[in-house]
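K.L.:
Work out the full structure, taking the sequences as your base and the hints as a guide.
In the numbering used here, the protein residues as written are 3 to 426.
Do not rely on the hints blindly, as some may be mistaken.
[What the hints assert, rightly or not] Derived lysine-lysine pairs resembling DSSO-like cross-links, with alpha carbons at most 30 Å apart:
1) K390 with K339
2) K240 with K318
3) K166 with K132
4) K155 with K403
5) K288 with K233
6) K309 with K233
7) K288 with K309
8) K99 with K403
9) K156 with K101
10) K113 with K101
11) K63 with K113
12) K283 with K310
13) K100 with K156
14) K390 with K132
15) K240 with K310
16) K403 with K166
17) K309 with K240
18) K101 with K166
19) K232 with K318
20) K339 with K132
21) K309 with K283
22) K158 with K101
23) K166 with K155
24) K63 with K103
25) K339 with K166
26) K101 with K132
27) K99 with K158
28) K390 with K309
29) K403 with K100
Derived by calculation from the structure, the hints in this document are not laboratory data.
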Amino acid sequence: MIYGITSYIRTLLIVGVLALLVYIGHINLFEKSFNEDLNELYTLLAVCSMIVTIHYALNWKYIIMPYSLNLHGMFSHNTFTETRSIKTLFLDFFWDKKKIKLRRLFVDDIKTFALEYTNLISINLDNYRKAKERMLHYLGLIQEGYEVSIYPKKSKTVELVFYKLPNFYEIDFGFFRVGRLFLGKYERGLYYRNFDTIDHHLVVGESGSGKSNYMHLLNINFFFNQDSIKKMYMVDLKGGVELNAYSNIENVEFVNNIERLDTLLDDIVEDMQKTQEYMLKNNIRKNDIFTLIIFDEVGAVSVYPDKKIRDSILNKLALISMQGRSSGHIMFLFAQKIDATILPIQITNNIQSRVLLKTTSDNNISIIDLKENIRDRITSTEIQDFNKGRAIYKNGLTSEKNLVQFPFISDNFLDMTIRNFSKK
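P.N.:
Here's what the structure looks like:
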């Protein structure tokens, strides 16, 4: 409170001095005496004071937040008698609040605004990263489901972007684009990746977290980009039938038998090696025609009793994970839990893009980053408390991590989509 009042008085004094300088410039320009137009000076001071007062009244909680949450820096500086002898507290002061306009359709349900703070000496970004949850609580936003991202801006300014993603929204054909991969909604609107940049994906989350929904989202994206896909293999060894519905679509093969999968992977590895030889001869750096493997619950391989078949499949998956990206042989692996007993480290280390949905497993969380770092950098919500379809997406191309909400795909929408893309 004292800091806020002091800041208010200081701002009034600064604005008053500026108003006085403007008045002096005015009377000098028109060659008037100082006392001749004092009413104009009083009016100018009154208007400026009113503007400052309104600004402080509307933004009071933002102005005093750095003081309330100790978002400041202690800096040593020189004195007349000694060098670097005194440490002075320099508080970050509020600079601006602005609405963020998302220039796309389908984003009206994303709420977002930004606050800017600056410091005369330097901004301590770590203070803001560590205080994300406290900032949300202080501003009364944590119960509303808001998150905050911290971005450095210029050398002495920080931008705090507060945003709220929808917990639920339905899919629409308008989301999909040829040449793009639609992955959901995030703080800046609709999340897209260029289709020609897709890489291996590892998707983990407990039952009911929205993995199957995300798998269908990816599949629909693939169908909109069929001209860039040579073949799609959909694998489900756990006895499910969801992926079998896609088998009527051209260039899609459904696999639910582990012996067939073992044989199929031989064919895929052979095709991969032939493609690499062709690329080498023709000096092609990256193939733009893809062969996709969508594997629902890859952990089913690790519990298969025949060790010979089990090791054979995992060795081929490891080879594809290491060599398949440039040749366009891309894997999308889904699992409820991931550790070294389920998926060898040789595979996980070569999977660039990763998706983490609701989970209580520390092993799952570690596939994105350390648990503490996730909370500091991405979300104030515990991973185990994520709503269905909420995920942390790590972009394998840029290594950026974003909080994303996937759309809900109803059975009717999925059936209609499959019919539209099925063989005539």
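K.L.:
Take the C-alpha atoms of K166 and K132, compute the straight-line distance between them, and say whether it is at most 30 Å.
P.N.:
holds, 20 Å
K.L.:
Straight-line Cα separation of K156 and K101 no greater than 30 Å?
P.N.:
Holds. K156 to K101 sits at ~19 Å (cutoff 30 Å).
K.L.:
Just to be careful, I want the Cα atoms of K390 and K309 compared with a cutoff of 30 Å; is the pair within it?
P.N.:
violated, 35 Å
K.L.:
Would the pair K309 and K240 pass a check requiring their Cα atoms to be no farther apart than 30 Å?
P.N.:
holds, 18 Å
K.L.:
Are the Cα positions of K309 and K233 separated by 30 Å at most?
P.N.:
holds, 29 Å
K.L.:
Take the C-alpha atoms of K113 and K101, compute the straight-line distance between them, and say whether it is at most 30 Å.
P.N.:
Answer holds: K113 to K101 is near 9 Å, not above 30 Å.
K.L.:
Has the given pair, K100 with K156, been kept, meaning a C-alpha gap of at most 30 Å?
P.N.:
Satisfied, since the Cα-Cα distance of roughly 17 Å is no more than 30 Å.
K.L.:
Given the hint that K339 pairs with K132, test it: the Cα-Cα distance must not exceed 30 Å.
P.N.:
holds, 29 Å
K.L.:
If you draw a straight line from the CA of K403 to the CA of K166, is it 30 Å or shorter?
P.N.:
holds, 17 Å
K.L.:
Compare the distance between the alpha carbons of K288 and K309 with 30 Å, and conclude whether the hinted pair is satisfied.
P.N.:
violated, 35 Å
K.L.:
Next pair to validate is K99 with K158; report whether the Cα-Cα distance is within 30 Å.
P.N.:
Since the Cα atoms of K99 and K158 sit roughly 17 Å apart, the hinted pair holds (cutoff 30 Å).
K.L.:
Checking one constraint from the list: CA of K283 to CA of K310, max 30 Å. Satisfied?
P.N.:
Outside the cut-off at roughly 35 Å; violated.
In summary, the structure is inconsistent with hints 7, 12, 21 and 28 from the numbered list given earlier, while agreeing with the others.
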